[in-house]
Amino acid sequence: MPNFKTDYSNQNMFVPIIIDEQLIPGTIEYAISHIVDNHLDLSPFDAHYHNDKNGAAAYPPSIMLKVIFYAYSLGMLTSRRIETACINNVTFMCLSGDERPHFTTIAAFIAQMKDTIEPLFTQVLMICDEQGLIGRNMFAIDGCKISSNASKEWSGTHEELRRKKEKLQRASQRIIERHQSQDSLPNEVIEQDLRQKQKLDSSADKIGSFLASTKDKLGSSKKPVKSNITDNDSAKMTTSKGTIQGYNGIAITDDKHQIILHSQVWGSVGEQQTLKPAVLALKEQLEKLPNSSSAPPSSPQTADFIVKPTSSSCLRLLMIVT
73 MPNFKTDYSN
83 QNMFVPIIID
93 EQLIPGTIEY
103 AISHIVDNHL
113 DLSPFDAHYH
123 NDKNGAAAYP
133 PSIMLKVIFY
143 AYSLGMLTSR
153 RIETACINNV
163 TFMCLSGDER
173 PHFTTIAAFI
183 AQMKDTIEPL
193 FTQVLMICDE
203 QGLIGRNMFA
213 IDGCKISSNA
223 SKEWSGTHEE
233 LRRKKEKLQR
243 ASQRIIERHQ
253 SQDSLPNEVI
263 EQDLRQKQKL
273 DSSADKIGSF
283 LASTKDKLGS
293 SKKPVKSNIT
303 DNDSAKMTTS
313 KGTIQGYNGI
323 AITDDKHQII
333 LHSQVWGSVG
343 EQQTLKPAVL
353 ALKEQLEKLP
363 NSSSAPPSSP
373 QTADFIVKPT
383 SSSCLRLLMI
393 VT
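To convert, count from 1 in the sequence shown and add 72; that's this note's numbering.
Among these hints, one or two may not hold up.
Said to hold, decoys possible - Derived EDC-like pairs (lysine to aspartate or glutamate); straight-line CA-CA distance at most 16 Å:
hint	residue 1	residue 2
1	K236	D265
2	K278	E238
3	K224	D303
4	K328	E231
5	K360	D201
6	K298	D288
7	K269	E249
8	K287	E249
9	K289	D277
10	K239	D288
11	K298	E231
No lab work stands behind these hints: they were computed from the structure.
As the structure is a computational prediction, the values presented were derived from the model and not from experiment.
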């Protein structure tokens with residue numbers, strides 16, 4: 073009979089972990105940790121905290137930024153997944169100093185600190201510029217359509233939404249009329265109809281509240297375009313896979329090392345409408361960098377040209393901050 077080594081997979085094992093040794097130079101997690109700790113000015117975050125005399129100790133912004141940036145680099149975008157990673161993933165444990173922020177804390181940090189986090193993009197660009205990674209010779213501009221967390225079924229001009237509200241109200245009224253004319257309906261049918269009526273009334277009220285609090289969105293031709301009740305900044309867009317409710321994301325890269333110099337999302341369909349504001353934003357971004365002597369309009373530009381980033385950790389961090 074063969075003699076095999078014993079399988080101990082059902083036993084517990086204690087493994088000593090030295091946090092500093094888990095972040096290996098040359099990896100994206102090491103780059104994130106090093107840059108956040110040594111190169112980014114995090115002092116503006118202090119103004120958001122008022123617990124110097126009272127209240128519990130807060131998680132340092134450096135820890136929150138490290139785990140969020142690293143999670144984003146892995147495509148991990150939800151706060152619940154980041155919380156789970158801080159509990160189960162050794163790399164996240166090392167980046168967080170074995171702290172385990174709750175998902176509500178992570179979500180609140182991202183939502184409340186977004187205006188303070190945004191300037192970090194320019195700081196990372198400055199680091200790239202110091203390393204000679206930005207050439208300022210040619211810029212590639214491209215866009216892609218990104219789905220939003222909103223249903224396109226709740227889209228329409230104010231007039232279309234008003235008609236939809238009236239349609240829902242008529243459907244609700246028909247249920248009432250049905251019950252008045254047929255008192256002998258079974259209880260199961262009555263309960264089902266009442267649930268349906270409640271759903272219709274809720275949808276009609278939702279549309280009514282939206283119409284009362286907003287005005288028609290106007291397009292480039294000053295004519296009304298479709299609004300969305302759930303996410304009014306987004307727009308209906310046609311893609312190769314069908315129609316989505318979402319945004320048009322634009323990124324501008326430098327040709328030398330494909331550094332992302334600017335990125336932004338617009339709730340408009342045509343990329344032609346976003347080209348001019350994107351170039352102006354690029355010019356403004358370059359003017360913030362030291363020794364910037366050239367403006368982007370004088371440099372060649374290529375629209376709809378896809379540039380793939382290199383594997384450099386610094387470049388990947390730049391993509392995360394955007």
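| Numbers of the earlier hints that this structure fails to satisfy, in rising order | Hints 1, 4, 8, 9 and 10 not satisfied by this model.
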